[in-house]
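Protein chains: 4
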Amino acid sequence: MENRQPQSATLLIYCEDRSGIIAAVTDFIHAHEGNIIYLDQYVDAEEKIFFMRIEWDLQTFVISPDKIETLFKEGLAKKYKMNYRLSFSDEKLRMAVFVSKLPHCLYDIVSRCQSGEWAIDIPLIISNHKELEPVAKSFGIDYHYIPITPENKPEQEAKQVELLKKNNVDFIVLARYMQILSESFIKNYPSQIINIHHSFLPAFPGAKPYHSAHKRGVKIIGATSHYVTADLDEGPIIEQDVVRVTHVDSIKDLIRKGRDLEKIVLSRAVYAHFQRKTLVYKNRTIVFN
Amino acid sequence: MENRQPQSATLLIYCEDRSGIIAAVTDFIHAHEGNIIYLDQYVDAEEKIFFMRIEWDLQTFVISPDKIETLFKEGLAKKYKMNYRLSFSDEKLRMAVFVSKLPHCLYDIVSRCQSGEWAIDIPLIISNHKELEPVAKSFGIDYHYIPITPENKPEQEAKQVELLKKNNVDFIVLARYMQILSESFIKNYPSQIINIHHSFLPAFPGAKPYHSAHKRGVKIIGATSHYVTADLDEGPIIEQDVVRVTHVDSIKDLIRKGRDLEKIVLSRAVYAHFQRKTLVYKNRTIVFN
Amino acid sequence: MENRQPQSATLLIYCEDRSGIIAAVTDFIHAHEGNIIYLDQYVDAEEKIFFMRIEWDLQTFVISPDKIETLFKEGLAKKYKMNYRLSFSDEKLRMAVFVSKLPHCLYDIVSRCQSGEWAIDIPLIISNHKELEPVAKSFGIDYHYIPITPENKPEQEAKQVELLKKNNVDFIVLARYMQILSESFIKNYPSQIINIHHSFLPAFPGAKPYHSAHKRGVKIIGATSHYVTADLDEGPIIEQDVVRVTHVDSIKDLIRKGRDLEKIVLSRAVYAHFQRKTLVYKNRTIVFN
Amino acid sequence: MENRQPQSATLLIYCEDRSGIIAAVTDFIHAHEGNIIYLDQYVDAEEKIFFMRIEWDLQTFVISPDKIETLFKEGLAKKYKMNYRLSFSDEKLRMAVFVSKLPHCLYDIVSRCQSGEWAIDIPLIISNHKELEPVAKSFGIDYHYIPITPENKPEQEAKQVELLKKNNVDFIVLARYMQILSESFIKNYPSQIINIHHSFLPAFPGAKPYHSAHKRGVKIIGATSHYVTADLDEGPIIEQDVVRVTHVDSIKDLIRKGRDLEKIVLSRAVYAHFQRKTLVYKNRTIVFN
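Residue numbers (the numbering used here), protein chains in the order written: chain Y, 1 to 289; chain Z, 1 to 289; chain H, 1 to 289; chain G, 1 to 289.
For reference, chain Y alone in the conformation it holds in the complex (with noise of 0.2 Å):
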């Protein structure tokens, strides 16, 4: 960290609420002449949970970002018990794909990678199939297929946990994989793999949510992004989004109306993820503005 300079520091925040958080957090950056870019926070009034993100300046800000933290816990985390995620500008975290057979979603992200639209890595892409190591290959990403049966799929869940960390994977999309990850898997991640799922969540959890869409005849249809948990389907959801659909459409039409969904709104969720936007408490995303 010694001779980082990253222009400014991001905190998300959240404890019990009191009166004074604000103001005890704001003087913090005050008195050591930080200047506050964003600020956004939110009383869960039910829960009594004080949420807060805050984005400040390092310019003229007159303790060093490596001695940031320190203080900040002693001064401010331990009085208010906080829970608290401190990140610096110049971070740039490191994303891995899981893919099966199908590309949208996989094109999507990786082109914006690719295009510097997004400022974050993908050391690799894994999947259970073959199918899509052309794609990873033109875009010049590591493959690597490791597929999954019943039998095997403690060892490979394993194989891909020992590649993750080797690669220093900060987090994980779930980019249209249809395998379920184990319990065990996800402990290793906790609110840092993010999925999408092909509906608007709670409506048609599951295998086939678009045959069962079409069969109940909606006139919308919808996509999920949430945190995965080990209830399946059952995590915090991070964004959704809809789209009309008529008795006209078939299955294959909201399959093809689907897929552009898919990919806007995981991409929407990632993209707020890493732009550390998000919280989550119990069962609910903080997604913040």
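Some hints could be false.
Note that the list lumps identical chains together, so a pair holds whenever it fits in one copy or between two copies.
The calculated DSS-like cross-link candidates involving lysine-lysine, where the alpha carbons are at most 25 Å apart (straight line), are [unchecked claim]:
(1) Lys101 x Lys137
(2) Lys48 x Lys277
(3) Lys257 x Lys215
(4) Lys137 x Lys166
(5) Lys92 x Lys252
(6) Lys252 x Lys48
(7) Lys208 x Lys282
(8) Lys187 x Lys215
(9) Lys277 x Lys215
(10) Lys48 x Lys215
(11) Lys208 x Lys48
No lab work stands behind these hints, which were simulated from the structure alone.
Here the structure of chain Y is known, so what remains is to put chains Z, H and G in place on it, guided by the hints.
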């Protein structure tokens, strides 16, 4: 019918799909000097069912309105084993509105009728509560207070049906009516009872959907208008719409935002219904443009 | 104010951005035992202007409501050269509605007030036509018919202002009022007159926007609610929304679909206004959550 | 055409509206044992023009594909003075993409083609800049760098047309191509050049629409895809969509949110075009379902 001179006639048709139906129907109108104003048709490729809505100008049509049905039935409907509904532009449908305590959908519906936006009559409002009687009064509509308990439900529903029949009601709108209709009641008005449910079905059926939506942490809430069948919240969907919410929105906010959604979605469904733009087949609603 | 015991106070503030404002304001409330219920702030980085909305519980607040303003002004507003507006939760705003012949927005607004959905008073409705007098009557609201011609405009507007002042009107809603207000009239109610324009501004300003939209072949139509300024259809936008249309939709269809849009968009804007969630700066409206 | 066995044929038709056209066209298909898969028609009541899209299965059709056009022309098109376009399901259109420096629309389009989502060919990409050549390379598509200056525009456009002709290009997509095409260029591809404009037209035509939108303080931004005509940003609109923004969004945020909108709106327009679902009449686009 003798002195009537409706401007146009509308046929809603469905039957097993066969080659030549469109040609046969359009020929029928063309051969008798009718001018087609509207034609929309749709084939359910899986079920192999043909659906059509056709409207034509009667000014130059050489068959008089009171003879159209006989000729159509003998000439075409029998041959193709069609289910059909013939209506004329001068027929004004009669609608009953059922309410409990929440007024927003009621206000929206009656003001559309009173202002002439909708060409339908509301001969009566039925409620299991007294609260909305002043609203009915201010619009000059009969209000019938028929309280329902588990014990008196059969006789009270009988009283409702009697009133509906006496008033020649064509269809019923449940404008946030908080009672479940019995199967025997529903049988009197198949595909003629429209409900508004305050969620994006099939998500959150049953009671308190906004509470459930808040608990689940969804990022979008919805409302669904559907025909009432014996299966609660399972009838054929006519219209749905949604609105964005965030972690900031409390249950009270969801209720407030949902209120606007409910009234718009219900009114769109009622409009499609009385314009004879809907056809129910199995559990799906064909909604023509 | 002596016997009043409002539940909460709200401050809307804007001033030149300086370090430490948030800390100063939250300290002010905190130091006097107030509990912050709502805080949202925003910095216009280009203009270097700080905007804030803060609401706090008065139950434990040690300053009595009638002394808050003086203390705030002396203690903070002067120091930071703040523009501010203080309000209390028990203040009920008084709204005048201006209409011409179209009733849909009027019905929507008055039914929200009559049902208690909105805690505001409507002491009077003003119109340049007689058509909607029966609507006003059925809701028990005074209706003033003040026809406008190019010749009598100045004295008729003077009459309007007199009525508004006599009725202690706080703000005015133009619910499809088809008259242009003069600059001198507008000066009486700066940022207190809300209009609904039936297009997605800045597209199709002026007369007959649905006709223009149809001619241009747009695939989406919109409605815009804005504060009225001397420049027609150029005032700060509060809320907009849109609905899809297709080549099939005639001008009549656009008008019908637009009607629902107009009433919802106008009502959202009015709600934001009377909830003191809006702040106008130059030609933009800050709309707090 | 000799050995071709396309699955289906599609006719896009428009002509002066007359009684009996639908019957005549469906009779034509029916009489030759064709099975209608899709039929949509629309009458512009003001212009008195009839529009139709009809697709039928060729499996049992007794006329061979290469003779359909002659028979249709002699039998029907002449009688009704139809403008029509006949196409077959096995025809793969050839599309050229024009780009400048922004890659998001290009990535979206080429990945849809490479993955097989779209059954069209991209023989070449043309650009006035070198920046996106690596993207073209990674997808294996020819990239032609043709810089444009006011001086060299005529000869450079001539070079472009030559390339397009040599590559048998059917239609052109301007994927954020920052050059205005000359009238003489456009004449080569009437209703065959699709542009994406980054605003909700007719709001904010011309350069820097996000800056203008920010300045005007709109609450919704949009994107518009249209056929290119000699009048800049005035061509027939194919598709539009919008996304909400707030006072918090900077110009940079509008650009980011707009990017996703642009690529989705452009791709929907391209899809409708190559599926032969569009018909241009005067300045409006009929987009069949």
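Structure-based check of all given hints:
1. For the homomeric pair Lys101 and Lys137, the shortest alpha-carbon distances inside one copy (15 Å) and between copies (24 Å) are both at most 25 Å.
2. For a Cα distance limit of 25 Å, the shortest separation of Lys48 from Lys277 qualifies both inside one copy, at 20 Å, and across copies, at 24 Å.
3. For a Cα distance limit of 25 Å, the shortest separation of Lys257 from Lys215 inside one copy, 16 Å, qualifies, whereas the shortest one across copies, 29 Å, does not.
4. Proximity of Lys137 and Lys166 under a CA criterion of 25 Å is satisfied intra-copy only: 20 Å inside one chain copy versus 31 Å between copies.
5. Within a single copy, Lys92 and Lys252 get their C-alpha atoms only as close as 39 Å, which misses the 25 Å cut-off; across copies the closest is 20 Å, which meets it.
6. Taking identical chains as interchangeable, the C-alpha atoms of Lys252 and Lys48 lie at most 25 Å apart only when they sit on different chains, with a minimum of 17 Å there against 46 Å within one chain.
7. In the homo-oligomer, the alpha carbons of Lys208 and Lys282 lie at most 25 Å apart only across protomers (21 Å), although the nearest pairing inside one protomer, at 28 Å, exceeds that limit.
8. In the homo-oligomer, the alpha carbons of Lys187 and Lys215 lie at most 25 Å apart only across protomers (23 Å), although the nearest pairing inside one protomer, at 36 Å, exceeds that limit.
9. For the homomeric pair Lys277 and Lys215, the shortest alpha-carbon distance between copies (21 Å) is at most 25 Å, but the shortest distance inside one copy (37 Å) is not.
10. When the C-alpha separation of Lys48 and Lys215 is checked against a cutoff of 25 Å, the pair qualifies only between copies, where the shortest distance is 15 Å, while the shortest distance within a copy is 42 Å.
11. Within a single copy, Lys208 and Lys48 get their C-alpha atoms only as close as 39 Å, which misses the 25 Å cut-off; across copies the closest is 23 Å, which meets it.
Taken one by one, the earlier hints all hold for this structure without exception.
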